[in-house]
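Listed in order, the protein sequences are those of chains S and U. Count the first sequence with our numbering and you get residues 1 to 417, in order. Count the second sequence with our numbering and you get residues 1 to 417, in order.
There is no bait here: all hints are sound.
Put simply, identical chains are the same to the list, so a pair is met inside one copy or across any two.
Distance condition first, Cα-Cα at most 20 Å in a straight line; then the derived DMTMM-like pairs of lysine to aspartate or glutamate:
{"id": "1", "residue 1": "K376", "residue 2": "D146"}
{"id": "2", "residue 1": "K394", "residue 2": "D339"}
{"id": "3", "residue 1": "K179", "residue 2": "E414"}
{"id": "4", "residue 1": "K306", "residue 2": "E388"}
{"id": "5", "residue 1": "K394", "residue 2": "D206"}
{"id": "6", "residue 1": "K281", "residue 2": "E257"}
{"id": "7", "residue 1": "K287", "residue 2": "D230"}
{"id": "8", "residue 1": "K287", "residue 2": "E257"}
{"id": "9", "residue 1": "K306", "residue 2": "D399"}
{"id": "10", "residue 1": "K59", "residue 2": "E27"}
{"id": "11", "residue 1": "K404", "residue 2": "D206"}
{"id": "12", "residue 1": "K82", "residue 2": "D53"}
{"id": "13", "residue 1": "K363", "residue 2": "E375"}
{"id": "14", "residue 1": "K394", "residue 2": "E340"}
{"id": "15", "residue 1": "K179", "residue 2": "D53"}
{"id": "16", "residue 1": "K4", "residue 2": "E98"}
Just so you know, these hints were derived from the structure itself, not from any lab.
So the chains spell out like this:
There are 2 protein chains.
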Amino acid sequence: MAKKNAFYAQSGGVTAVINASACGVIETARKNKDVIGKVYAGRNGIIGALTEDLIDTSKESAAAIAALRHTPSGAFGSCRFKMKSLEDNKLQYERLIEVFKAHNIGYFFYNGGGDSADTCFKVSQLSEAMGYPIQAIHVPKTVDNDLPITDCCPGFGSVAKYIAVSTLEASFDVKSMAKTSTKVFVIEVMGRHAGWIAAAGGLVADQGIPVVILFPEVEFDQVKFLAKVDENVKKHGFCTIVVSEGCHYPDGKFLAEQGTRDAFGHAQLGGAAPVVANMIKDALGYKFHWAVADYLQRAARHIASKTDVKQAYQLGKAAVELAVKGRNSVMPTVHRISDEPYKYKIGVADLKDVANVEKFMPKDFITKDGFGITEKCRRYLAPLIQGEDYPPYKNGLPDYVTLKNVAVEKKLPEFKL
Amino acid sequence: MAKKNAFYAQSGGVTAVINASACGVIETARKNKDVIGKVYAGRNGIIGALTEDLIDTSKESAAAIAALRHTPSGAFGSCRFKMKSLEDNKLQYERLIEVFKAHNIGYFFYNGGGDSADTCFKVSQLSEAMGYPIQAIHVPKTVDNDLPITDCCPGFGSVAKYIAVSTLEASFDVKSMAKTSTKVFVIEVMGRHAGWIAAAGGLVADQGIPVVILFPEVEFDQVKFLAKVDENVKKHGFCTIVVSEGCHYPDGKFLAEQGTRDAFGHAQLGGAAPVVANMIKDALGYKFHWAVADYLQRAARHIASKTDVKQAYQLGKAAVELAVKGRNSVMPTVHRISDEPYKYKIGVADLKDVANVEKFMPKDFITKDGFGITEKCRRYLAPLIQGEDYPPYKNGLPDYVTLKNVAVEKKLPEFKL
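Make the full structure from the sequences, and use the hints.
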C-alpha cells in the first residue's frame, strides 16, 4: 500500500470529548507512519477540505496532541454544512477529489453525527463513482446519542453525567429552600428529537429525588403534568423537572414556541424551561427557579465521564486501525456485552446502515406515565456516566489546549462554496 | 462556664459549601464537649427555633458529619425569613428565649448573609435587652460576596469557579462553531445588586476569550453594548457575554423585565440572557445560544473551589472557638494578607459593623468601558477559585450525604409563626 496522507474533520455540534477522538486518530496515525503520512485536519470541518484550508497536525507537539484528550470543543473548528448528493452537486465532490489529489490524501476520517455519517458515506463511494481511491471512515460523535448500531455515541456519556450531577445538585438546593421559598426547579436540556439526555436526569431518582421528565417522545399533556408536579410537592415538599428542548404538544408545537412577544410585539425565542415554570406558577402557585444548560452541558469537560472519554479515544484509534487494514465505508462502534459489570468491545458497522438512520429511546425505557425512566433504561445509562476524568488545572481553571493550527500551503485555485 | 447546648441554623439561599461550615461548627463543638453540650440544628433555619423544630445532630455519625464538607445545599433546611425588630415583634424574641431556655441553649450560630447577620445581631442583644444570656456568632455565607469587612464570603469562591469554568468551556464551544453557526454565547449569572459573580466570568479573558460582562453596577447602554459585541465578533469570529441577573437600564428596569407576554397576554418571567441574545440577533443578525445557570451555579459542589471549601470550614470552626472564648455578637472573617502568594488569616468583626451593610464591587475593579474586569479585580478573584476539592463518587454520581435529621422532643406548646 503506497503511503498516503489522511484528512480528519470535526462536524456538527461539538462535545466534551470529540477532541479525545481526534487525539485517538492522530496518535494512532503517528504510530502507523509506514502507511499513513501526515494527518491534515479540515479547518472548520468539511469546509476546510472544500476551500483547501487544511491544518498540518504534524506541526503540533506530542504533548499538545495528548492534551486534546482533556480539551472540550472542536480544536480544528467544526461546521454545520451538509453536502448535497453527488447528483445535486457534483462540483463539490470533484473539488474534494482535487484537494485530496493535490495533498495525496487517501484516508478520510469524519467525526460527527447522523448527517456527517451520510456525508462520509457519500465520500466513501467516490472510489467507485468517480474513480478516486479513498477510504472513508466515520468516527461517531453526538451528544444526542441517536446513531444506530453503536450502543452509545461518544459525547453522550459526558453530557448525561453533567445533567445527572447538575440535576442532583440543584435538587439538593431546592429541597433545602422548599419550606419557605422555591418548591419547583426546572432544568432544560438538549435533545430536539430524542430524549436520551433528558433521561439522564432520571438517574437521580435513585437518591430519592422526586423528578418529572418531559421527553420529546411523549406528547405533552398539561393536565397530567401539573397533577404529577403537585403530587410530588405535596408528598416530598419539592419537585424537580427535567424538560427536553424537544418537548412538544400533540400538534407538534414545541413548548418553547409559546408565541411569546416582547413589549414591542417582537417574537421572543425563549426556552421550554421558563414556559414550564410559569405554567406551574400560574396553575399551582409554587415558587420556582429554572435553568437552561445549553452549551454548558455539552462543553462540560470538567465533569466528563471517564467511560465516555475512553470510548471517544478508542473509537478514534479504531478508525485509523480500520483504515490501516484497508477498510472503507465503515464506522467503529461500541458493542455492549453486559451492563453489570459493564463490558463492551469495539465493533464495526457499515456506513450504509448508519447514514440517515436515527435511533430513538426504546418505548420500554420510559415509564408508563411518561414522566420517568424504567429500570431497563437505568441499567443502560448507569455505566455510561461511570468514572471521572478530570482535566489538569492551572490557576484554578482547566488547562485546555489551543493548537497552533498551522495552515498547509495551498496548491489549488480558490473555490467558492 | 456552665455547659450549654448550641443552636445552629442555615439561612437564605444555600451554597455549595454552607454545609462545610456546618461541618466546621459541629466537629469543633464535638471537640469542646466540656463547654458545649449538644448542637441542635434548626430545621429550616430560624423557623426551626421559633417552632421548636430542632434537630439533634448528636444522632449523626462522625462520618455523616464529615460528609457535610463535600455536600452542597443546606443539610438541615434553610429559610427565607427575616425577623422583625424587637420593638415590632417582641413575641418572636420571647419565643426564641423560651425555646433556648427549654433546651438549655447558650450558643447561637447563624450561617447566612446580610439579612441573617442582622437577625444574629438582634439575637446577640437579647442578653442585655431581655436578660437571657446568649452568645450569638454569625458564620458568613453568601454567593453574592456582599458582606462587609471579610475579604470574601464562603460560597462565592465556588460559584466564581463554576462560572469561570463554564464560561471558558462554552467559549471554546462557540469558537468551534462560529464559522458557520453560533457566533454569540450569552450566560446569565446570579447577582441582583453586586457584580462579583459576573466578574468571575472575566477570568477567561486571560485565555484569549473575547468576553463582555454586563454588571449590575453599570447602567445598560444598548448602543455601546452592541458595538462592543460586533467589534469582538468581527475581530475574533465570536463573542461571549456574561450577563448579571441584576443588569438594568438607567431607569432601574431590569433587562429581564421586558414586558414579555405569552400568546394569552400573561406576563412572562424570562431571564436577562434571552433578552440580550434576541437583542443581538435583531440588531446584528448573529446566531446565538444562551444559558441560564441559576441554581446550578450555587449548588455546583462537584467543581467547588478548594480555597472556598477550606475557608467555609475554617469560619465554622472559628465561630465555635470564638464562642468557647466567651465572645458574643461577632462574625469570624477572612483577612487577606497577600494576593500572590495568596495568604490570609481568620479575623473577627463586630456584628454591629456587619449587619445591614452591603459590599459592592469597587469602581476600580471594572474597566473604563464598563464591560470587563481590571487587573486589580483579577488579582482579587484569582486566589478564590484556586484548587479543586472533588467529592467522592458512587455509581457515577457525587456521594452526597442526607442526614437522618432526628427531631428533638418538644417541650413547649405550639407557636404560630
